[in-house]
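*Asks:* Here the protein sequences come in this chain order: A and B. For what it's worth, our numbering labels the leading residue of the first sequence as 1, then goes sequentially. For what it's worth, our numbering labels the leading residue of the second sequence as 625, then goes sequentially.
The hints are simulated quantities; they were obtained by calculation from the structure and are not laboratory data. Note that the structure is predicted; figures quoted are calculated from it, not measured. A couple of the hints might just be wrong.
Calculated lysine to any residue pairs in the SDA-like style (CA-CA distance at most 20 Å, straight line) [as the list claims (entries may be wrong)]:
| no. | chain 1 | residue 1 | chain 2 | residue 2 |
| --- | --- | --- | --- | --- |
| 1 | A | K446 | A | A422 |
| 2 | B | K1239 | A | S511 |
| 3 | B | K1141 | B | M1179 |
| 4 | B | K1141 | A | P234 |
| 5 | B | K1076 | A | K446 |
| 6 | B | K1141 | A | M312 |
Label-pair ranges, simulated between beta-carbon atoms [unchecked claim]:
| no. | chain 1 | residue 1 | chain 2 | residue 2 | range |
| --- | --- | --- | --- | --- | --- |
| 7 | B | V735 | A | E497 | 35 to 41 Å |
| 8 | B | K1250 | A | V570 | 23 to 29 Å |
| 9 | B | E879 | A | S87 | 40 to 46 Å |
| 10 | B | P990 | A | K192 | 58 to 64 Å |
| 11 | A | N503 | B | D670 | 33 to 39 Å |
| 12 | B | S1029 | A | K303 | 54 to 60 Å |
| 13 | A | S475 | B | K1026 | 51 to 57 Å |
| 14 | A | G211 | B | K1026 | 44 to 50 Å |
| 15 | A | E497 | B | E1065 | 54 to 60 Å |
| 16 | A | L479 | B | G708 | 48 to 54 Å |
| 17 | A | V433 | B | G711 | 24 to 30 Å |
| 18 | B | M625 | A | S87 | 54 to 60 Å |
Positions of the beta carbon are idealized from the N, C-alpha and C atoms, including for glycine.
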Amino acid sequence: MYTYTCLSQSRGYNLPSCHMVNLSGFHILFDCPLDLSATTIFSPVSTSLYEQTFTTPSSKKLLDSNNLIPIEPYYKTIEGVHLWNVSLIDVVLISSPMGMLGLPFLTRSKGFSAKIYATEAATRVSEFMMKDLVAMHMEFKQLYGPQETNFLQLFNWEELEALPPSLKEIVLGKNGTHLGSWMPLYSAADVKECLQKVETLKYAEEACYNGTLIMKAFSSGLEIGACNWSIKSPKRNISYISSSIFSSGVAMDFDFHALIGSDPLIYSDFASTLGSDYANALEFNSDDDILLNSDENSEEMEKMEFICSCSMDSVKDGGSVLIPIGRLGIVLQLLELFALHIDSFDMKVPIFIISSVAEELLAYTNILPEWLCNHRQEKEPCIVFCPHWSLRVGPVVHLLHRWHEDPNSLLVLEEGIDTDLALSPFKPIAMKVLECSFYSGIKLEKVPQLLKMLHPKQILLPDYTKQLFEPLSKSLPCLFYTEFETLCLPNSNNLSELNIATNLASQLTFSKMKNEELSISRLRGELYLEHGKQYLIGGKEVKGLETEIGLLVHWGKVDLESLVVELEKVGVKGSFECGSNVVNVVEPNKGFIEVKETSVVISSGDESFGLLISDVVLSLLNGI
Amino acid sequence: MAIDCLVLGAGQEVGKSCVVVSINGKRIMFDCGMHMGYTDHNRYPDFSLISKSGDFNNALSCIIITHFHLDHIGALPYFTEVCGYNGPIYMTYPTKALAPLMLEDYRKVMVGRGEEQQFTYENIIDCMKKVTAVDLKQNVQVDKDLQIRAYYAGHVLGAAMFYACVGDSAMVYTGDYNMTPDRHLGAAQIDRLQLDLLITESTYATTIRDSKYAREREFLKAVHKCVSNGGKVLIPTFALGRAQELCILLDDYWERMNLKVPIYFSAGLTIQANLYYKVLINWTSQKVKDTYATRNAFDFKNVHQFDRTLLDAPGPCVLFATPGMISGGFSLEVFKHWAPCESNLITLPGYCVAGTVGHKLMSGKPTKVDLDKDTQIDVRCQIHQLSFSPHTDAKGIMDLVKFLSPKHVILVHGEKPKMDLLKSRIKSELGIECFDPANTETVSFPSTHFIKSDASNAFIRSSLTPNFKFPKDEITDTPSLHVCDERVSEGILTMGKGQKVKVIHQDELVTMVGGGKTEVEFGYCFGLNLCSLKNVSKEVRVSNGDDSLLGVLNMKLSDEFGELGVRDCKGSLEVNSFRVRVCKNDDCPHRVDRDELSERLECVFFCCNWSILDKSIAWRVISVMKNMDL
Ligand SMILES: [Zn+2]
Ligand SMILES: [Zn+2]
Ligand SMILES: [Zn+2]
């Protein structure tokens, strides 16, 4: 049996889903993200600076003039992860850089001892993101001072209830259960300690946990280093598909071949379908080529071309372009495209990447560093890539303050946050705002064909897709999960694979079963588990009297009449009275044979005579 | 199923490494090298032994190249472009990046020597297009059954050992490797694997290398002495690996000693290779990686590019030039100019193939070297042989073989007499089958195979439950410290027609066949003389009570069967399934010889019953009891 619990469902690129699986007695956590979109409830660094000048320190002011909370932000973790006893987690598997952002909260918890696996690239990229976050957050510390304000103790319950609805939902969650997931940010030391605990892997490299679980990461195509997981144990092979993209502009393509035939397949890639209407019923494509022949990338390129041309227009009008997008793959592609555009228009437009870690990050991804410049803000039109997409922290806040009233400037936002809330502290906004969405998962209409091709014995899907996939249940063995509900799934059969050494097998002596086309043999060896496989090899000979004979099993019924006949054949004379269940043996020695429901009892005072009788009895039984 | 290992090259020699291994029906060519010492057909492996018809695409599952040295890759363009092999080829990313440079360098040397060229520049480019690059430790599924994986081998940038498995059989081919870290590369690293076969190089089959630092100092001293006397130093090297290591060493030394004598690289290759190093930093040693962020160890401050006009310029200098064994090209040209002068110094790599100038210089102290029929060069310069080589030494080979403990070892890439010694050490010290076949010979042995079966949970559970036994200390009645856990798995293997073999627990078999379990038991009730029982123990006052009778019996049985543990249960004694108690039932069904015994008056009856499992123990116990009754 294994159990499965969804701790949080995916809400797009920046917030991957989070699951817990108990397989072969090991608790495996998939991803540990951070809900950074929730940071929008706090005042951004610079506005709170202005706010401060209007408030006297003594007055308790819960919200600023934009209805945001003017304190050092807390960060929203996945509640389900922290409800779990962290010491019970055995393995953490990371699927993307974003899936790692909440990990320092976990690794610094008391009792945490799980083994963490992530790809080399995801670890590096995530390291940059975490360091950047910690560095940007320092600005709040400088603003509000070193003493920590406990966000949770700032409000009493009535005050929480009285918050504007958009804020209230973020703070408390839909069911009012999220209060416990808010935490003060981790420190640089926490990040360092966390990273030291991560075992980094290459794509398709095997990691073996406890000799039982073999885990491999395969490219998901979503982002540099992002991956799906295959976990093999002697009993079952689990695959986990996070958000994936068939053919990606920067990352390696979605490598799904290794995920074929799993039991179950946990499919959590519905980020891109969330919130959209499913107009058509889903169906299978007849052709695998349609599935693989991917138009996603060309669509993405079109979007990016559009962003570029809008940006060029703004620049020509003397405005600047602000791009607070966090997706590394998108940023890299945009950089390349901008370079082309600028070249072809024969313009001189500086591109800036402002970040505490940008240089390191770009060096890592092997981009030529000619575009780099740290903390330079020019008056001439320019294009700036900078964090953070929540618009609450980092250089973006200062640049927005500078540019928000310039109608020639352009702000490029990625879909996924509440734009009204995010932009509220920067009103009035005269600059153009371009909202764009990029693929962060497989297109819904391709999912059925993909699932069919992957041929899983069972598929775990989120409950909100039930109406879509239930009609396909003939070809797709689907099971639907709800957040926080633990599914206990029995093993489809109670068998597991065993490898028997040939030399052991060659020593077996088979006996044919009566009336059945079955040969059986007693088997004895040493069982061991290595690298997720069970082996039985010829063991060392075991000394000791009790095992000399071995454990014998017999079954079947002894019929008194045949017993007497068979005894006669070996020269033993006996008889029984009608209705009795005892054979009275008289020659050559005296003895009794009592035949009971589940046993035959031989009474004899002579060893070899007793054995002679028992041989006859056994010949009437099946046994091994 | 079997493993056949056909050695096409590097059998009892160094050069043209090429081994074709058939493993469970898959056929892999490991390395496709050329021999630097020959210019005739002997320079290439005899590919006709793979397939008479020349249909190499069907004869081979894939080719694996371990590193970019010509003795491992030199014949590849010939094999793919001239012989027509079109199947998959695997090598690491750095090898793929650097191999065309090496091949082109070699092709130019061939052309420069006026030999007929074996392949063109286009051939090299086309050949490399067929190559699939792999990452270290990445599992590559060549086809449904064949999986390969690369491991870090040190030696040179990109060098890898390759693991291959088909079904239950697995093997490793090491290529060239190094078990001690270099200045610029780490030591080989491999997982503990279950292997049928390990094919290892054995260049230094008998050498134990001394401290590396002593050898480095010696090298630096020789170079320093030469340049301070105004001499020129020629360091012939291969383009990659060694050159960088020596360069780090010299650059460092020049800084420390504040030397101003110029160090040159011969044009092109090495500079280009340095660029690759920057890209491929992940493959270098931890030390190089750690310093990379602050200082690129490959940005040599004191190193300049060499200009041909400097050949006869006055004054001291140090020059790195390719190829390494002075087999032609630029290093030969420099050699011609510099060898006649006493103040100059030529360093030679640790190994030079027979037939090269390097090899001639290493053998004895020649005063003249014949380049060809008409050219003879006077050799008056000093010769310094570099003894630090990127190959593992004998200890390293033994360590690797011991670590992997394969079922069979095949030695290649070495010299016969030394290989023989190593072979006998592997056999005697490690007890592992070892072979060192010559070229064109085949070594065969059976491969590992496991029978695939389904095991029931009950069987697995019973096997995993510890089978602890705590033999009781009879005197103190506490469990002794001696615990034995003989975990032997006992089960039933069943085979039905057209069904997968199944292993189940014996209790499951009974349910499976639908019948109930039937125990076969024995019973025996017999009388013993009371007087003789009393005589057994003089110290203990024996009353007629049953408990004390059993007490006496317990003492006696514990003496005899202590190791089995005699349990004193209320009213009975037990040894395994054997149970004895005092019997007062005159109609006891187990009293078989009633007539004879009823005559004895001073008699106590003991009723015994036991399972068929303990039939021999039971009769031993009964005989001990009866012997008390004399
Ligand atoms: Zn080599
Ligand atoms: Zn070699
Ligand atoms: Zn009795």
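*Asks:* It remains to establish, for every hint, whether it holds in the given structure.
*Replies:* These are the hints, each one checked on the structure:
Taking the CA atoms of A/K446 and A/A422, the gap is about 33 Å. The hint is violated against a cut of 20 Å. The straight-line distance between the Cα atoms of B/K1239 and A/S511 is roughly 23 Å, outside the 20 Å bound, and the hint therefore fails. With a C-alpha separation of about 36 Å, the suggested pairing of B/K1141 with B/M1179 is violated against the 20 Å cut-off. Restraint check: the Cα-Cα separation between B/K1141 and A/P234 comes to about 31 Å, which exceeds 20 Å; the hinted pair is violated.
At most 20 Å may separate the alpha-carbon atoms for a hinted pair to count; B/K1076 and A/K446 exceed this at roughly 37 Å. A C-alpha spacing of about 86 Å is found between B/K1141 and A/M312, which places the hinted pair above 20 Å, so the restraint is violated. For the hinted restraint 35 to 41 Å between B/V735 and A/E497, the CB-CB distance of approximately 57 Å leaves it violated. For B/K1250 and A/V570, the hinted distance range of 23 to 29 Å is satisfied, since their beta carbons lie about 26 Å from each other.
The hinted window of 40 to 46 Å between B/E879 and A/S87 is violated, with their beta carbons roughly 52 Å apart. Taking the beta carbon of each, B/P990 and A/K192 are about 60 Å apart, inside 58 to 64 Å as hinted. At about 37 Å, the CB distance of A/N503 to B/D670 agrees with the hint of 33 to 39 Å. Between B/S1029 and A/K303 the Cβ separation comes to about 57 Å, which falls inside the hinted range of 54 to 60 Å.
Distance hint check: the CB atoms of A/S475 and B/K1026 are about 53 Å apart, consistent with the given range 51 to 57 Å. Taken as a hint, the range 44 to 50 Å is violated for the pair A/G211 and B/K1026, whose Cβ atoms sit roughly 22 Å apart. A hinted range of 54 to 60 Å is violated for the C-beta pair A/E497 and B/E1065, which are about 38 Å apart. At roughly 52 Å, the beta-carbon separation of A/L479 and B/G708 lies within the given 48 to 54 Å, and the hint holds.
At roughly 55 Å, the beta-carbon separation of A/V433 and B/G711 lies outside the given 24 to 30 Å, and the hint is violated. Judged by the Cβ atoms, the range 54 to 60 Å given for B/M625 and A/S87 is violated: they are separated by roughly 46 Å.
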